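> One-letter residues, chain by chain:
Number of protein chains: 2
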Amino acid sequence: MNSQDLIRKKRDGARFSVEEINAFISGVCDGSWADYQISALIMAMFIQGLNQTEQNALVKAMLESGEVMDFSDIDAPKADKHSTGGVGDKTSLIIAPLAASLGVAVPMISGRGLGHTGGTLDKLESIEGFNVNLTAAQFKKTLKKCGFALAGQTKKIVPADRKLYALRDATATIESVPLIVASIMSKKLAEGLDALVLDVKTGSGAFMENLWESQALAKALVKTGNDFNVKTEAVITDMSQPLGKFVGNALEVYECVKIMRGEIDEAMQTTLDLTIELTARMLVLTGIAKDVDDASAMCLEKIWDGTALEKFKQNIELQKGNPRICDNPEMLLDKKIKQIPIEAAENGFITEVDTKAVGNAICEIGGGRFKVEDKIDYAVGFSCEKQIGDSTKKGETLGILYCRNQKQADSISGKLRNAYKIGKEKLQNLELIKEII
Amino acid sequence: MNSQDLIRKKRDGARFSVEEINAFISGVCDGSWADYQISALIMAMFIQGLNQTEQNALVKAMLESGEVMDFSDIDAPKADKHSTGGVGDKTSLIIAPLAASLGVAVPMISGRGLGHTGGTLDKLESIEGFNVNLTAAQFKKTLKKCGFALAGQTKKIVPADRKLYALRDATATIESVPLIVASIMSKKLAEGLDALVLDVKTGSGAFMENLWESQALAKALVKTGNDFNVKTEAVITDMSQPLGKFVGNALEVYECVKIMRGEIDEAMQTTLDLTIELTARMLVLTGIAKDVDDASAMCLEKIWDGTALEKFKQNIELQKGNPRICDNPEMLLDKKIKQIPIEAAENGFITEVDTKAVGNAICEIGGGRFKVEDKIDYAVGFSCEKQIGDSTKKGETLGILYCRNQKQADSISGKLRNAYKIGKEKLQNLELIKEII
Numbered sequence: 019m020n021s022q023d024l025i026r027k028k029r030d031g032a033r034f035s036v037e038e039i040n041a042f043i044s045g046v047c048d049g050s051w052a053d054y055q056i057s058a059l060i061m062a063m064f065i066q067g068l069n070q071t072e073q074n075a076l077v078k079a080m081l082e083s084g085e086v087m088d089f090s091d092i093d094a095p096k097a098d099k100h101s102t103g104g105v106g107d108k109t110s111l112i113i114a115p116l117a118a119s120l121g122v123a124v125p126m127i128s129g130r131g132l133g134h135t136g137g138t139l140d141k142l143e144s145i146e147g148f149n150v151n152l153t154a155a156q157f158k159k160t161l162k163k164c165g166f167a168l169a170g171q172t173k174k175i176v177p178a179d180r181k182l183y184a185l186r187d188a189t190a191t192i193e194s195v196p197l198i199v200a201s202i203m204s205k206k207l208a209e210g211l212d213a214l215v216l217d218v219k220t221g222s223g224a225f226m227e228n229l230w231e232s233q234a235l236a237k238a239l240v241k242t243g244n245d246f247n248v249k250t251e252a253v254i255t256d257m258s259q260p261l262g263k264f265v266g267n268a269l270e271v272y273e274c275v276k277i278m279r280g281e282i283d284e285a286m287q288t289t290l291d292l293t294i295e296l297t298a299r300m301l302v303l304t305g306i307a308k309d310v311d312d313a314s315a316m317c318l319e320k321i322w323d324g325t326a327l328e329k330f331k332q333n334i335e336l337q338k339g340n341p342r343i344c345d346n347p348e349m350l351l352d353k354k355i356k357q358i359p360i361e362a363a364e365n366g367f368i369t370e371v372d373t374k375a376v377g378n379a380i381c382e383i384g385g386g387r388f389k390v391e392d393k394i395d396y397a398v399g400f401s402c403e404k405q406i407g408d409s410t411k412k413g414e415t416l417g418i419l420y421c422r423n424q425k426q427a428d429s430i431s432g433k434l435r436n437a438y439k440i441g442k443e444k445l446q447n448l449e450l451i452k453e454i455i
Numbered sequence: 019m020n021s022q023d024l025i026r027k028k029r030d031g032a033r034f035s036v037e038e039i040n041a042f043i044s045g046v047c048d049g050s051w052a053d054y055q056i057s058a059l060i061m062a063m064f065i066q067g068l069n070q071t072e073q074n075a076l077v078k079a080m081l082e083s084g085e086v087m088d089f090s091d092i093d094a095p096k097a098d099k100h101s102t103g104g105v106g107d108k109t110s111l112i113i114a115p116l117a118a119s120l121g122v123a124v125p126m127i128s129g130r131g132l133g134h135t136g137g138t139l140d141k142l143e144s145i146e147g148f149n150v151n152l153t154a155a156q157f158k159k160t161l162k163k164c165g166f167a168l169a170g171q172t173k174k175i176v177p178a179d180r181k182l183y184a185l186r187d188a189t190a191t192i193e194s195v196p197l198i199v200a201s202i203m204s205k206k207l208a209e210g211l212d213a214l215v216l217d218v219k220t221g222s223g224a225f226m227e228n229l230w231e232s233q234a235l236a237k238a239l240v241k242t243g244n245d246f247n248v249k250t251e252a253v254i255t256d257m258s259q260p261l262g263k264f265v266g267n268a269l270e271v272y273e274c275v276k277i278m279r280g281e282i283d284e285a286m287q288t289t290l291d292l293t294i295e296l297t298a299r300m301l302v303l304t305g306i307a308k309d310v311d312d313a314s315a316m317c318l319e320k321i322w323d324g325t326a327l328e329k330f331k332q333n334i335e336l337q338k339g340n341p342r343i344c345d346n347p348e349m350l351l352d353k354k355i356k357q358i359p360i361e362a363a364e365n366g367f368i369t370e371v372d373t374k375a376v377g378n379a380i381c382e383i384g385g386g387r388f389k390v391e392d393k394i395d396y397a398v399g400f401s402c403e404k405q406i407g408d409s410t411k412k413g414e415t416l417g418i419l420y421c422r423n424q425k426q427a428d429s430i431s432g433k434l435r436n437a438y439k440i441g442k443e444k445l446q447n448l449e450l451i452k453e454i455i
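Respectively, the protein sequence lines represent chains L and Y.
If you're matching positions, the first sequence starts at 19 in the numbering used here and goes up one per residue.
If you're matching positions, the second sequence starts at 19 in the numbering used here and goes up one per residue.
As the list makes no split between identical chains, a pair holds if one copy fits it or if it spans any two.
DSS-like cross-link-like pairs, simulated, lysine-lysine; straight-line CA separation at most 30 Å:
| id | residue 1 | residue 2 |
| --- | --- | --- |
| 1 | K27 | K433 |
| 2 | K181 | K27 |
| 3 | K237 | K27 |
| 4 | K181 | K389 |
| 5 | K27 | K439 |
| 6 | K393 | K354 |
| 7 | K389 | K27 |
| 8 | K412 | K444 |
| 9 | K174 | K158 |
Think of the hints as simulated: they come from the structure by calculation, not from any bench.
Since the structure is predicted, the reported quantities are computational estimates derived from the model, not experimental observations.
Chain L with its partners taken away, still in its complex shape (with noise of 0.2 Å):
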């Protein structure tokens, strides 16, 4: 099949076959489509949208241009949650521990934050040591050693996405519901789950920043899931503001391990709450609880009588991190740091927070990467001091930057400030779940 003539139909806007999926992929696999052709291509599908049979086509070759992971010979239920990402989203980090401390195996692969959202890979090597890059045995020794393993995507595991999603990030063709759903559940379903979470983000801090492009989302994420076997839910959950209390790589498992350790306060409830939704909601899809309410109770549960920490600590120790920090938390936190208030500049109460732009305040610092090629300084980051609906006087703090030097502070303290919105009219608290699809 001629890669001129594939290109021409669906810029004309007509279905692809089966085949005509399958001759695209391995092209994009075998080198023989240059990448200008599969990026005029993936245009074209962005404008000319994809149909459910193509979806699932397309999802379908990219999952087998892989390895699909076997792990069949682990009696337990797998299920993963996987987020579209966010600002603060740290969720992974509890979920992982939580849902293997109730019986559920947890084949966990992540990736690493580009622009204003942050990675779970590389706020776990926050951790000295932690080890990401595990090979396919390591990755089922762990999951086997302790019900859950944390780790990056293998060059064997859907290569076809890796390219694609390289060629997407440079022509402005990430935001399409059907190579977003491509992308996502082509890693998902290679590795081999029973059940699916979704937390899919909506609001200023979300790649979808409308409720309805996160609904559609969602709705496909779900189906397609479904169509392959995997019993699959979705969350819509609230990206309007940071989730929780930190945004940094150290700062957001110093988080987690406070909450695992029951030293929470008010500013990390959220995460407490939608770490919980979520969880509860993989041991009810795997049979393990019969309702969402038993669910999130078996869930405090295990983290009130330390379980879940214990896990987490586990874990460490076998992925060759320092299982120290669970004891001790505040080696998380490096001592050079400055810690620089960000103040507001009049009475009132936050109405909205520029989500988005707190992100990339803190990338430019090196608390994430705009380029692939980026190093990022696990160190740096921001606490939320306050949230949507609470009231502030001026010269109150909103939140705290931690940062290296004073030009750091100078460069970005004032777009930190000007990302909260204050007005006259006290709003309602935001619902954190906004949707179950």
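Since the structure of chain L is already known, use the hints to place chain Y on it.
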């Protein structure tokens, strides 16, 4: 201006400013845009379109990416003809000397054949020694001496088009009105013209097979030419069968010389008719003739009295070709070529010719190129003995294949025969000139 931001804008159907179009073309020329980014934006432009402001900005940016010729020291009005390409479309070889013999300076930059359509440069190179690779100085000198020059595009003329055209060819983004207009008009405007006549083909051998598409293209070309102060007119002409008698490089030069020698046969009549129509319009646009009827009479006189042939001969000498072909056109015919009649399979009338199939068949035996690097056999080709509306009997000759050997004959005879549809009803002869725009 960030490349992703520009791609995103057109992807979402927004309009570009002049500055944004300039940023794109700069990026194409200075290499700061990767090929895969260029092709993504080209696909977005293809699907979302360009308005007239964007169209003119794109033409101007492409034009200014290279050198513009300056013929202000030539007193004669400067005019050219450009065809959108067809099969057997050889009028340039007569139009240039004919217009020159009537006082028009014709700086004709031409192209090579690709796919089923032929190219003027290839035809000229079938004349022994003929040099189409002129420097700007040689081109101008030739133009001054004999009133016309025939050459390929130098690297300094519209470099942006060279890059864009190669990518469009590989990514199925050729057939877009604004992109075709930008490609054609940037190159034609670089010739420093006063007037331009466009021959927009329609029918089975044209890029745009439907009349309405050809009309849209013609209107856009004319509007753009006039916006840039070049008096521009378009003639929509029939390409539902090969033009005139011959298809094939040397054979087409032969036909032109025969016509200029007054040795015309019936099958060559449409070549002469179209040549006169297009040249006459150049004479009217440049103010040399008062109307098309007068201009046509002037043209016919210069053919019958031998002036046009004399001009052609003078040019061949200046461009290092063998001028004796004008005295003895049979020199152009390779004696080793076999002539194989293609016979009708049934009685009836010719109702349809798949002109693209004829062009592709001749291309297959070396008469054209499918890829830029393919070598051409100038001697092979086809003569059209029957035209749409003619009656035929089973076994009568539809056309004659000029080929090297029986193997070539076997490989394409069937395709040529099948290109001719024979029906029971006699169709009206087709109008050569469909519309003037």
